[in-house]
Amino acid sequence: MMRLRLAAVGAAACALLAAASTAHALLAPEPSGGGGQDPTAVRCDAVLTQAEAVAIVGDSYQGPAVDEPSPGFTRCEWQGSDSNFGFTFASLKSLSADGTTADKTFDIDLRAVEDGTKKRELLPGIGVNAATVDLGGDAALLEVQRADGVARMIVYKIDRDRMLALAKAIATP
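Be aware that the sequence shown starts at -14, since it is given in my numbering, and climbs by one per residue.
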């Protein structure tokens, strides 16, 4: 039963991250001049390094598995035996290519998961802006706006203290 629930929440988290990636990829224009990674764009594995993740959650997690669906938009995932976390990072360059801003993206991401019972909790003093939304079933969205982009993290079975430590770690460029 526990494995089934972990798989269901993990699938939901992956679906949310994948939906964000797909929406971003659909909005992003094709890169000019040859494609490939933008060497000036910050990747998610630089936003939260393996060493930082280990210091916060321990060394029982495998990752990060890194993907770059479009230039300047990366996804990192860590998998533990009964918990996990992953996030996307959209650089300012990537957001600009989509015709949006970090402020708008921060708000839209949070509104996408809020409803009558799920409301954002602002996290003052972390990044430019930070908030979390309890998604139920031991899962939460953690949204952090930085000076150089926006990180959207989904955590599953990560306690609040560790979640806040992750927020602080990804908050500073």
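Some hints here could point you the wrong way.
Here are the simulated DMTMM-like cross-link-like pairs (lysine to aspartate or glutamate), alpha carbons at most 25 Å apart as the crow flies [stated by the list, open to error]:
{"hint": "1", "residue 1": "K78", "residue 2": "D88"}
{"hint": "2", "residue 1": "K89", "residue 2": "D52"}
{"hint": "3", "residue 1": "K78", "residue 2": "E53"}
{"hint": "4", "residue 1": "K103", "residue 2": "D44"}
{"hint": "5", "residue 1": "K142", "residue 2": "E99"}
{"hint": "6", "residue 1": "K89", "residue 2": "D44"}
{"hint": "7", "residue 1": "K78", "residue 2": "D100"}
{"hint": "8", "residue 1": "K153", "residue 2": "D123"}
{"hint": "9", "residue 1": "K153", "residue 2": "D133"}
{"hint": "10", "residue 1": "K78", "residue 2": "D144"}
{"hint": "11", "residue 1": "K89", "residue 2": "D30"}
{"hint": "12", "residue 1": "K89", "residue 2": "D100"}
{"hint": "13", "residue 1": "K89", "residue 2": "D67"}
{"hint": "14", "residue 1": "K89", "residue 2": "E106"}
{"hint": "15", "residue 1": "K89", "residue 2": "D119"}
{"hint": "16", "residue 1": "K142", "residue 2": "D44"}
{"hint": "17", "residue 1": "K142", "residue 2": "D88"}
{"hint": "18", "residue 1": "K89", "residue 2": "D133"}
Don't read these hints as lab results, they were simulated from the structure.
Keep in mind that this is a model prediction, so the values were computed, not measured.
K142 paired with E99 [C-alpha distance capped at 25 Å]: Given that 25 Å is the threshold and the Cα spacing comes to 20 Å, the pair holds.
K103 and D44 were given as a pair; does the straight-line alpha-carbon distance stay at or below 25 Å? Not satisfied, since the Cα-Cα distance of roughly 31 Å exceeds 25 Å.
Straight-line Cα separation of K78 and E53 no greater than 25 Å? This hinted pair holds, its Cα atoms lying about 14 Å apart.
What's the verdict on K153 and D123, does the C-alpha distance respect the 25 Å limit or exceed it? 20 Å, holds
For K153 and D133, compute the direct alpha-carbon distance and say whether it is at most 25 Å. This hinted pair holds, its Cα atoms lying about 15 Å apart.
Proposed proximity, D144 with K78 (alpha carbon, max 25 Å): 33 Å, violated
Can the restraint linking K78 and D100 be considered satisfied, given a maximum Cα separation of 25 Å? Violated: K78 and D100 sit about 30 Å apart, past 25 Å.
Would you check the hint for K89 and D133, treating anything up to 25 Å between C-alpha atoms as holding? At roughly 14 Å apart (the allowed maximum being 25 Å), D133 and K89 satisfy the hint.
Check the hint pairing K89 with D100 against an upper bound of 25 Å on the C-alpha distance. 18 Å, holds
Does the structure keep K78 and D88 at a Cα separation of 25 Å or less? Holds - the C-alpha atoms of D88 and K78 are around 14 Å apart, at most 25 Å.
For the pair supplied as a hint, K89 and D44, is the alpha-carbon distance within the 25 Å limit? 35 Å, violated
Straight-line alpha-carbon gap K89 to E106, limit 25 Å: Cα-Cα ~17 Å, so holds.
Checked against the numbered hints above, the structure violates hints 4, 6, 7, 10, 13 and 17; every other hint is satisfied.
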